[in-house]
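The residues making up each chain are set out below.
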Amino acid sequence: MRPNDHPAPGGVQLRHVSQPLPHDSAAKHVQGAAPYIDDLPEPAGTLHLAVGGSPMARGRLIAVDLEKVRAVPGVVAVLTAADVPGKNDISPAFGDEPLFAHGHVMFHGQPVFAVAAETRDAARRAARLGAITVVQEKPAVTVEDAEKRGDTVLPDYAFIRGDASAAIDAAPNQIAGQFRIGGQEHFYLEGQVALAIPGEDGAMHVHTSTQHPTEVQHVCARILGLPDAMVTAEVRRMGGGFGGKESQASQWAAMAALAARVTGRPCKIRLDRDDDMAMTGKRHDFRVDYAVGFDDEGRIQGVEMAFLARCGCSADLSQGVVDRTMFHADASYFLPELIISSRRLKTNTVSNTAFRGFGGPQGMLAMERIIDEIACRLGRDPLDVRKVNHYGPERDTTPYGMTVEDHDVGAAILEQLERSSNYRERREAIAGFNASSPILRKGIALTPVKFGISFTLTQLNQAGALVHVYSDGSVQLNHGGTEMGQGLYQKVAQVVAEEFGVGMDRVRVTATTTDKVPNTSPTAASSGSDLNGMAARMAARQIRDRLAILAGEHFGVPAKEVVFRDDHAFAGNESLPFAELARRAHAARIHLSAAGHYKTPKLHWDRQKGVGRPFFYFAYGAACAEVVIDTLTGENRVLRVDILHDVGRSLNPAIDIGQIEGGFVQGMGWLTTEELVYDKDGRLRTHAPSTYKIPVASDVPADFRVTLFDGENREETVYRSKAVGEPPLMLANAVFCAIADAVQSIAPGRPVPLDAPATPEAILKAIQGIVAAG
Amino acid sequence: MARKGIRFLRRGRVVEVADFAPRTTLLDWLRIDQRATGTKEGCAEGDCGACTVVLGREREGRLVYEPVNACIMLLGQMDGAELITVEDLAQAGALHPVQAALVARHGSQCGFCTPGIVMSLFALYQEGGRPVTRETVCDALAGNLCRCTGYRPIIDAALDVCAEPPADAFESRNEATLAALRRLDDGEDVFVGEGHAFFAAPANEETLAKLLSDHPEATLLAGATDVGLWVTKGLAPLRKFISLGRVKGLEEIHDSPEVLALGAMSTHARAMGPLAGIDPDLGELMRRFGSAQVRASGTVGGNIANGSPIGDLAPALITLGAILELRQGNDRRTLPIENFFLGYRKQDRRRGEFLRSVLIPKPGPNDHIRIFKVTKRFDEDISAVMMAMRLTIKDGRIVTARVAFGGMAAIPKRALAVEKALLESRIQEGTAWAAAGEALGQDFTPLDDHRASAAYRLQVGKNLIVKALAEIAGAPSDATRIIGHREAAHAAE
Ligand SMILES: Cc1cc2nc3c(=O)[nH]c(=O)nc-3n(C[C@H](O)[C@H](O)[C@H](O)COP(=O)(O)OP(=O)(O)OC[C@H]3O[C@@H](n4cnc5c(N)ncnc54)[C@H](O)[C@@H]3O)c2cc1C
Ligand code: FES
Ligand code: FES
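Protein chains in written order, with the working numbering: chain A, 1 to 774; chain B, 1001 to 1493.
Hint data in this document are derived by calculation from the structure and do not stem from the laboratory. Since the model is a prediction, treat every value here as computed from it, not as a measurement. It cannot be assumed that every hint is accurate.
As the list claims (entries may be wrong) - Covered stretches of chain B, going by a simulated chain A footprint (3 or more residues, C-beta under 8 Å):
id, segment
1, 1140-1146
2, 1149-1162
3, 1441-1451
4, 1458-1464
Said to hold, decoys possible - Not the full set, but computed from the structure, chain A residues with beta-carbon under 7 Å of chain B:
id, residue
5, A27
6, V30
7, A34
8, R125
9, L189
10, S593
11, V628
12, L632
13, T673
14, T686
15, S698
Think of the CB as a built atom: it goes at the ideal place given N, C-alpha and C, for glycine as much as any other residue.
Take the sequences, apply the hints, and build the full model.
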């Protein structure tokens, strides 16, 4: 079989879908020819913005003296809350976060004012001259601080099944403990940026680096006091998003729009990296308190997990994020009786937000560490404990009442990876190594991933697309999904090219913009290609069906016998070039444009009761990681990683492998080198890449084996593919568990007091802890 | 008469710029003045590599292409170099081999890091002449952050394209470029601006000394890997720069069996080889120093003169007994490097004085050296703790001990109590190791910050002493450390 002749589920030969085509902009990327917002030619008169942030984390804002700021040559306008004509609110849902602080400040660095100047340099220099007077109050920095105050951003929430406490007590073995999981900075390489251009009648066109153009539109309209229809938000590409430009992009777009309104000139804001890191939200960090009861094989009988989330100063997306933590606290395991509870604690730190995995990774990691501790207590291999707890027949209901219908996929992946990675032999070899190595210790772990696909806020599971065929046979494609590097534009273009049977060179993808496809959902929750691929296919199909009728008439066959491929319409031995058909269609006054709309089926979720089917399906995977640690310094290195991951029938295996590798490495960074440090006054001390360390090339395991699982989505997704954006991040749990395993070798049978991230310091502390526990 | 503008080579032509604010960065000049937006800004502090461009310069008689961070390099430093940016590689519509390899391997996702990565790999590609391994590729990429790909496809692309010797337009016009660069090297002083705000680049020590006495408050500029951040992050209102980049002789390196003399303007990249010759640990320290970009710009003199408590060279040079040579006007003096550091960011450097060179005595056959740098991330990270040790051992007995630490105090400093505990003890005696480790508590009350807690620093300091002693006593370093194995360095020689 030729590689481009993959049979699709229906037996059709695919020509574009399933091809490992490069990213749509690859050739432009390597030449520096792919424009990001800061690269666009600036309209004449463009002003540049810089932000003045709060010098304190909490307190009453009593005075803002901006005289010196205004006096700086080149400064054209200075904006504060008083300049907002609409509502001073940039929050995505709960109305609790202002564009500019007013009355009081909620975190260190919170925007208080902005300067618009002729140059970015002048704006930045001026912004530092603002005199902001705050009557300081003691900030709540940690979850403990917030707990003491009883301050939350949203109500507590729990999943309860059976009587967990009784089940734990009745079990032959019990464990209880506490585990901390750090947050994570997105560190998209392109920082937050927006360019607002004022139009006629007060309209505003905003170029914005966002995963959620519709939200940018709403927030700009709200700030300016305009109807949504007066604001257009557009994004061609982002230099990375990872969740950090879902809700977090709106503030800067709105600031630029406000400045453009006030000055009547185009206004651009591009945050300096340090400002970006101090002023935008991150992955939530957690404290997890747990108790678990289990039998002598390690099978969990009952579990209590309490998730204390540091949400920061506002709700932002914390409802969905922490819910997803709870949805994934089962990891891949059946929990017969349980309480999974959560508190969304309000702290005087920047509001935490979406980040690849959206809370899921924290829930899963906590459970994997519980499994490790069970294995430690029983002296069993953690993989065996993982297997006895894995979802299976009769043990297939999640804590939220959804049935895991394809647990066999997860189990098969575990089995297959166990064999292909030589897990058992390597564990033996590592035990041998450790026995004769006092300073360096190795560890290994094999952990599964099961990730629920769909927005848990059901209404977001919809998408729109707009497809035009021009009379020369070229095709223009537009949809609500945004391109942040994940290859969405290319995947959807492949789907559309497949529908029309035309070459990829005929399909032109245009920038995502709210004036082409309205009311879109964020490109998030890994849903981009599932939703937009389907919507685009539905749009393309409408046009294709119209063309088929015309071609059928031409060939004298029923429309359904017309086949589109190789840039032609075929019927038997006859054919018509696609361009010719398009020309004829236009002449015959056939509508060559169509909008498609898709909504995910089967979903229902009752949050009140905590039951339903919040997810259309699950994506599975597993990773086996081997690490070495230095017991004198805590330094560590990942030596080898084997990954087997389920993407269903891949739309583009090259892009999917890129997502898997990139997601894994990002997860590895989260759990190892990436540490966010706040001081006691609530100031983020790691606000630049000099102090916040994401992985570099040498951190990637030299032996890195990634394989796609051979399977297809049991649900009817586009070409039976599966979402791939977020799930691979959690493959990195294996790295953390392997590091803990290496520490474990120092004192088998004693729990490893290792918190995430496993920095050298955390590892050394864990070593000291496990030794002291003797 | 000094030349009133800077001149450099770009796209085969000489570019002259005479009208620029002294603190203009190369990146701002490209992106704002020239609207050449292929080169990106990701951090403006030298850490992410998105702004990487390549400079061609004559080094030891050859044309050498090196990556640098345009964000923290000042435009004035461009004088006399060839500037190559990401827009310059594709020729007549055909991708450069490095670009083609990245596309073929799916090496870009969001693409924002990609221009910088292309340029770092372009420099590696031009290097030629040595087998390129995964390790060399990772070293070349240590200063390029990519948040999307996980690097694997980028590493593979580099291995693909660097497997063959360079064969591109730059290679074929190598001679012509070198000749053009030599023509630019006119030996003139450069002075752009006015007395109150200028970028000056004197051509020799005499004019430098004069200029410095006239403007003792001017900022001396070496590689700008520290000073650049004062400009981009500190927004320091600096108006007068005196660049050492064109001063003849300051960049010289003289290696003899007794002494290694590094001119203050020796870049880390050039100093790395001779330093590695002293001890493999010193070579490893330099390999991990910043990134290829930082090593290509940053200088030995700048690292010492900056006086940072976490600078990497100072502790190593203190244990080696290095001597600094300084000059002010016509006065020259020398002093042991350990006496140079007086207090937090306070050095024994007089107004208008500059560092000429550092003299490093070569260790003897009975000397044993160990250097460890502990960081959150192995590559391109600043030390949480850095230790250097030199022991002279005769008949199993430690007869001299020099141990210095970085990251443990306001200055890089010797651990005198540790040295005392070591002196006269037998290297094979484990009890002496522990005692030496414990003595560290008397020497330091370490810093407590976002890089590490004080407790961790102290514990690791102690453990590093034990580790070094275990190694010197005979433990092979592949059993005591994860990276930087000494055996590998010897094997490679
Ligand atoms: C990304 C990054 C990574 C880094 N990693 C490391 C690291 O791993 N280890 C480390 O130690 N440092 C590191 N640094 C810091 C910096 O690179 C070094 O300190 C470097 O050696 C400074 O040299 P320079 O030539 O760039 O100095 P400059 O920035 O040009 O100057 C630094 C200071 O020294 C003064 N100065 C320079 N030369 C002289 C002279 N001859 N006489 C008198 N005064 C002089 C200048 O006036 C200035 O005050 C890093 C920096 C960056 C941006
Ligand atoms: S912009 Fe990050 S290194 Fe220059
Ligand atoms: S491709 Fe996005 S940062 Fe490298």
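Verification of the supplied hints:
| no. | hint | verdict |
| --- | --- | --- |
| 1 | 1140-1146 | holds (count 5) |
| 2 | 1149-1162 | holds (count 7) |
| 3 | 1441-1451 | holds (count 3) |
| 4 | 1458-1464 | holds (count 4) |
| 5 | A27 | holds, 6 Å |
| 6 | V30 | holds, 4 Å |
| 7 | A34 | holds, 5 Å |
| 8 | R125 | holds, 5 Å |
| 9 | L189 | holds, 4 Å |
| 10 | S593 | violated, 30 Å |
| 11 | V628 | holds, 6 Å |
| 12 | L632 | holds, 4 Å |
| 13 | T673 | holds, 5 Å |
| 14 | T686 | holds, 5 Å |
| 15 | S698 | holds, 4 Å |
Figure legend: structure checked against the earlier numbered hints; the only hint not met is number 10.
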